[in-house]
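Given next are the chains, with one letter for each unit.
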Amino acid sequence: MYVTDDGEELFVIDSHLHLWDASEENITHEGGEQFIQCFYDYHTGFTPEEKQWDLDEYRQYGADRMAEDLFGNAAVDMGIFQPTYLNDFYADGFNTIDDNAELAERYPERFVLNGRFDPRDGEAGMRELERQKEEYDIQGVKLYTAEWNGDSKGWRLDSEESFEFLEKCSELGIENIHPHKGPTIRPLNRDAFDVADVDDAATSFPELNFVVEHVGLPRLDDFCWIAAQEPNVYGGLAVAAPLAVHRPRKFGEIMGELLFWLGEDRLLFGSDYALWNPDWLVETFMNAELTDEQRDEYGVELDVDTKRKILGENAAELYDIDIEAKKEQFRTDGVADDFGLADHYAGGTSAAPADD
Amino acid sequence: MPSEHSASDHSSSTNTEPAGATTPAAVRERLDRVTDPELDTSIVELDYVEEIQIHPAGDEGNADRTGDADGDEVFVAFTLPTAWCSPAFAWMMAGDARREVESLPGVARAAIELRDHMHEREINRGINEGLPFEDAFPDADGGVESVRLELDRKARTARQHDATGALLEAGLTREQLAGVTRSDLDFEGAPEGRVRVWVREGAVAVETDADPVERYLRKAEATGVLDDEHPELFRTPEEEPFDGDEVELVRQRTRLAGVNMGGQGTVCDALNDARHAEDRPPLSTREGAPVTPGEDDRADAD
Numbered sequence: 001m002y003v004t005d006d007g008e009e010l011f012v013i014d015s016h017l018h019l020w021d022a023s024e025e026n027i028t029h030e031g032g033e034q035f036i037q038c039f040y041d042y043h044t045g046f047t048p049e050e051k052q053w054d055l056d057e058y059r060q061y062g063a064d065r066m067a068e069d070l071f072g073n074a075a076v077d078m079g080i081f082q083p084t085y086l087n088d089f090y091a092d093g094f095n096t097i098d099d100n101a102e103l104a105e106r107y108p109e110r111f112v113l114n115g116r117f118d119p120r121d122g123e124a125g126m127r128e129l130e131r132q133k134e135e136y137d138i139q140g141v142k143l144y145t146a147e148w149n150g151d152s153k154g155w156r157l158d159s160e161e162s163f164e165f166l167e168k169c170s171e172l173g174i175e176n177i178h179p180h181k182g183p184t185i186r187p188l189n190r191d192a193f194d195v196a197d198v199d200d201a202a203t204s205f206p207e208l209n210f211v212v213e214h215v216g217l218p219r220l221d222d223f224c225w226i227a228a229q230e231p232n233v234y235g236g237l238a239v240a241a242p243l244a245v246h247r248p249r250k251f252g253e254i255m256g257e258l259l260f261w262l263g264e265d266r267l268l269f270g271s272d273y274a275l276w277n278p279d280w281l282v283e284t285f286m287n288a289e290l291t292d293e294q295r296d297e298y299g300v301e302l303d304v305d306t307k308r309k310i311l312g313e314n315a316a317e318l319y320d321i322d323i324e325a326k327k328e329q330f331r332t333d334g335v336a337d338d339f340g341l342a343d344h345y346a347g348g349t350s351a352a353p354a355d356d
Numbered sequence: 001m002p003s004e005h006s007a008s009d010h011s012s013s014t015n016t017e018p019a020g021a022t023t024p025a026a027v028r029e030r031l032d033r034v035t036d037p038e039l040d041t042s043i044v045e046l047d048y049v050e051e052i053q054i055h056p057a058g059d060e061g062n063a064d065r066t067g068d069a070d071g072d073e074v075f076v077a078f079t080l081p082t083a084w085c086s087p088a089f090a091w092m093m094a095g096d097a098r099r100e101v102e103s104l105p106g107v108a109r110a111a112i113e114l115r116d117h118m119h120e121r122e123i124n125r126g127i128n129e130g131l132p133f134e135d136a137f138p139d140a141d142g143g144v145e146s147v148r149l150e151l152d153r154k155a156r157t158a159r160q161h162d163a164t165g166a167l168l169e170a171g172l173t174r175e176q177l178a179g180v181t182r183s184d185l186d187f188e189g190a191p192e193g194r195v196r197v198w199v200r201e202g203a204v205a206v207e208t209d210a211d212p213v214e215r216y217l218r219k220a221e222a223t224g225v226l227d228d229e230h231p232e233l234f235r236t237p238e239e240e241p242f243d244g245d246e247v248e249l250v251r252q253r254t255r256l257a258g259v260n261m262g263g264q265g266t267v268c269d270a271l272n273d274a275r276h277a278e279d280r281p282p283l284s285t286r287e288g289a290p291v292t293p294g295e296d297d298r299a300d301a302d
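Residue numbers (the UniProt record's numbering), protein chains in the order written: chain A, 1 to 356; chain B, 1 to 302.
Worth flagging that the hints you see were computed from the coordinates, not collected in a lab.
Note that the structure is a prediction, hence the values are computed from the model and not measured.
Every residue gets a Cβ at the ideal spot worked out from N, C-alpha and C, and that includes glycine.
Treat the hints loosely; a few may be bogus.
List time: in silico EDC-like cross-link candidates among lysine to aspartate or glutamate, alpha-carbon distance up to 16 Å [to be verified]: (1) K133/A with D98/A; (2) K250/A with D139/B; (3) K168/A with D121/A; (4) K326/A with E9/A; (5) K309/A with D338/A; (6) K153/A with D269/B; (7) K153/A with D139/B; (8) K309/A with D98/A; (9) K153/A with D121/A.
Partial chain A-side listing against chain B, Cβ under 7 Å, derived [unchecked claim]: (10) F46; (11) P48; (12) E49; (13) P218.
Isolated chain B, as found in the complex (with noise of 0.2 Å):
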């Protein structure tokens, strides 16, 4: 089943880099693996980060922190396209960015600031006090799994679209497609960034390039479908397995899924523009609108 980390695009586990030394670009590259879900693409491709700043260890400025000596302090600011993002896809984002950074080796601890949003004093204190979404918007009714899952199956789906592109046009037929099992899969033996798809029970093989298979491994992962009672890999968006004859009209869902998130990143993008330009005028000042970034008082925000 799908885990918290699920919305991270890569494997946290192997970190070559030595303790102590917090780069900016050793960061970067962390937030990196964090997508926005709705549109499966990286926050930080999608330019919403706005500032990383590094503490090291034993730095005066760090002297009323607490528990951080043994690590450096990271803090990261990000901004949505608007303050109405759905504040499920930024509590994702926010925890999933504070669980890169800390996955450093050298990182105590990773502030996250979320700014701008309808709702930034719940999501960062929320996030940064480890708190579970359900107890920092009381009012929710659950927690954000299903909107996670949910979006991880459209993912799923549009990622299927180009990686069952690159298999046709690789040569397997369209009955050879819809039969094809993790376990014909062939990393290893393939040469570098490609994969092998061995069909016919396992006499051939076609070839192609490994990343979009990669990716949508991922994904089928994150949603369960390489560990449910089916053995096909490959789905229609309701998660079922196709004949042979079925596949020209699931490529046309998985195509679809595919617009949609290229659609709406396409509008996000157009606000994230319209929000940054330099005459934009500010957001509000009238008594009662959200208060803006840097104030002393965000942490006492209840």
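Isolated chain A, as found in the complex (with noise of 0.2 Å):
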């Protein structure tokens, strides 16, 4: 939990973790190495500089590390694995979900596993989504509309196809769908940034919760308009809390954009780990103010109780987390037993025995 200097806590839920394997020996295809190359490109461009990995520690970290990462300073309460599959550039996958159950499974009480699907893959990918969803009880799925497959660059949401798996989410009860709206390369003379199609997704399916990660960045226009108009569409905050550091104005901005367009209940906190640390990032982002300026532009406040929801209160809702309940059990559970942390969920508002 995050604790202000006036003592208040805040529970925070990293809605957008990965545990991936860029190792020269998982990449198959020049995309890979381009791949993570741009990642690493981003990850040095906004973290601060003592803060910085070498690019052979950021190819494959490990869950070890990773652990270290989120819990060692009890950066983040709880996380949520969003997988990145990539298959055409990685030979055993950038970042799946068998992968990141690894770690989900060592401390189960503390992260949400989320699945993905490819329309593309037909009827094998229908198998896959049930395999997930009977092995891990995936709530949500990641969806990477650029990725390569085969001779295709790419697929969009509101396709028949895609709509066959998501009415099967809608069956199976998985009711958050991230599709990533951000850089890709592909296709080549299409806007490969489009969020358009997240529009006619989300009126075909209210039951569902549509979470567009990196707020379309590249669009943030189109994506503030089509959440303004549609009540479950949400934003990740990937990609742009970390603008806070080296950009404090221009973040600024981006959250009086957000906060106009979507509100204080729309929001959620992601550190796109290991592309950045929450370790640092979470503190930076607690840190971030408005201008004068900015809040008499946009009549809208990023105070500490906004912020409380954008770390976690939002992100519990989508995922039915209890938060009380789950600081309590926090006291004791293997996390608090590796990293210490037993005191840190003793005290505050947690106090108050749980009703069960």
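Need the complex rebuilt from these two chains, each delivered in its own frame; the hints are there to steer you.
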């Protein structure tokens, strides 16, 4: 939990985590090398210098280091894994549900394990989605619409095949759909950042929640306009949050727009780990402020109550997480033991006895 | 309708430099007219341009090149913030750069080299051989025109925010702003660098800085807004006219377009810095990785 100078506690759910393998042995296509290099540019471009990793450790950091980074300083209380397969680039996939499960199963009470589907996989993909539900009881999927798959260089959320999978998600009770809407390289001559397909899908599946990752950043304007009209569209702040490091004014502008168009109940914090480390990013986010001018312009606040929602409560709402019960549980769980955090959850607002 | 030149930000028709006097400054000035279409900002200002070389006509070094006896040859190299920058955007910038430099009167030919990009071979070959995008990228399903138009629309929307902000500041009412037409604008009768906007059927004018209005007009032209069926100069992002009581919402939406560009510009800027940091590891040396620039086989790439 993040504790403010005034002793206020904020429960942190990092809604965007990966446990990836970009080791040279796992790369089968030059796209895989370019991909991790590009990630590394994002990492160094938005990480304070003394916190930067070197490229070798960045390629493959493993479950132990990840646990240490998340819980060693109690930077986060819980995390949501978002897989990214990229099977055309990586022999065993870049960041699969089965990779993520290694850590999620070690500390099951701390993680939400999301799955994925690719409508181009057809019937086999449908079976795989069922397996993920059965094996890991997934409540959400991360969708990477720009992923290569044989001759295809991407797919759309509003396609007929995609709707069949969304229908399946609805049937299986997989309610949280996280489409990645950020930079990609293909299709070559189309608007690869297009968020318009979210609009149709969100209208057609009102029972599902669509968390647009990276708030569609190169298309923030389209994203906000869609979200303003579709109540089941949310924004994931991965990539946006690190702007607060070197460009606090820009970050304030973007937050001003998001709070203006979506409000404080539909934004989710995410570090995109290991792109960035929540260890410093949560602190940076907590220190971020709107300027007086931005407050006037947008008529919104980015105060501690807003931040409490963005950092944890909104994700808890989507994933049916009872924060008070979790705090109780976290006094004695595996993370508390391994990282000496029992005291961390002992005091403050969590002192009230649980009903059960 | 938008032309291939629409991302270039100025008219190229006025050439005052004498032939044979190509200077790096003149080349740079032309390149300054090329914008990163996603950010609506000059590639010179964004620091993408890495190298400019000028080979005067008749220079020894030019002996083996063809068709350039009548002018200088210019070589321009540029790099984008990441190897993953949209190939369509990279293509537009490379093509615009070539056209702008070749519009200098002393220049016979400009050779453009995009460096460290996922698709540098296809782009360099396509641009320097004058191919259409769909020939350079046979697996792409069409040209780049629709992407360019989409980005021009974004730029128009963002620029409208500055133009309408200046006009409201100068005293136009919301109703007047919604009804302004191209013919209400008077640049000639206004002092240097200013524009007058006539309202109340030409009875009164307000005056403001010409720059945001001129910048807006260039993108309004590129997107076809100046000659469609509506006379109104300012539009919603969907290019529809609006009423006085919709001005506030339209202003909020045009503000958002600018914030988006600025936000993405910030991301690109940080990537650019990271990529060019002194201790940045080089692009992969593993087999199958992209070829580093300057190697002999570039021209033969297929």
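Each hint, compared with the structure:
| no. | hint | verdict |
| --- | --- | --- |
| 1 | K133/A with D98/A | holds (12 Å) |
| 2 | K250/A with D139/B | violated (38 Å) |
| 3 | K168/A with D121/A | holds (14 Å) |
| 4 | K326/A with E9/A | holds (14 Å) |
| 5 | K309/A with D338/A | violated (28 Å) |
| 6 | K153/A with D269/B | violated (27 Å) |
| 7 | K153/A with D139/B | holds (10 Å) |
| 8 | K309/A with D98/A | violated (30 Å) |
| 9 | K153/A with D121/A | holds (13 Å) |
| 10 | F46 | holds (6 Å) |
| 11 | P48 | violated (12 Å) |
| 12 | E49 | violated (10 Å) |
| 13 | P218 | holds (5 Å) |
Checked against the numbered hints above, the structure breaks hints 2, 5, 6, 8, 11 and 12 and satisfies the rest.
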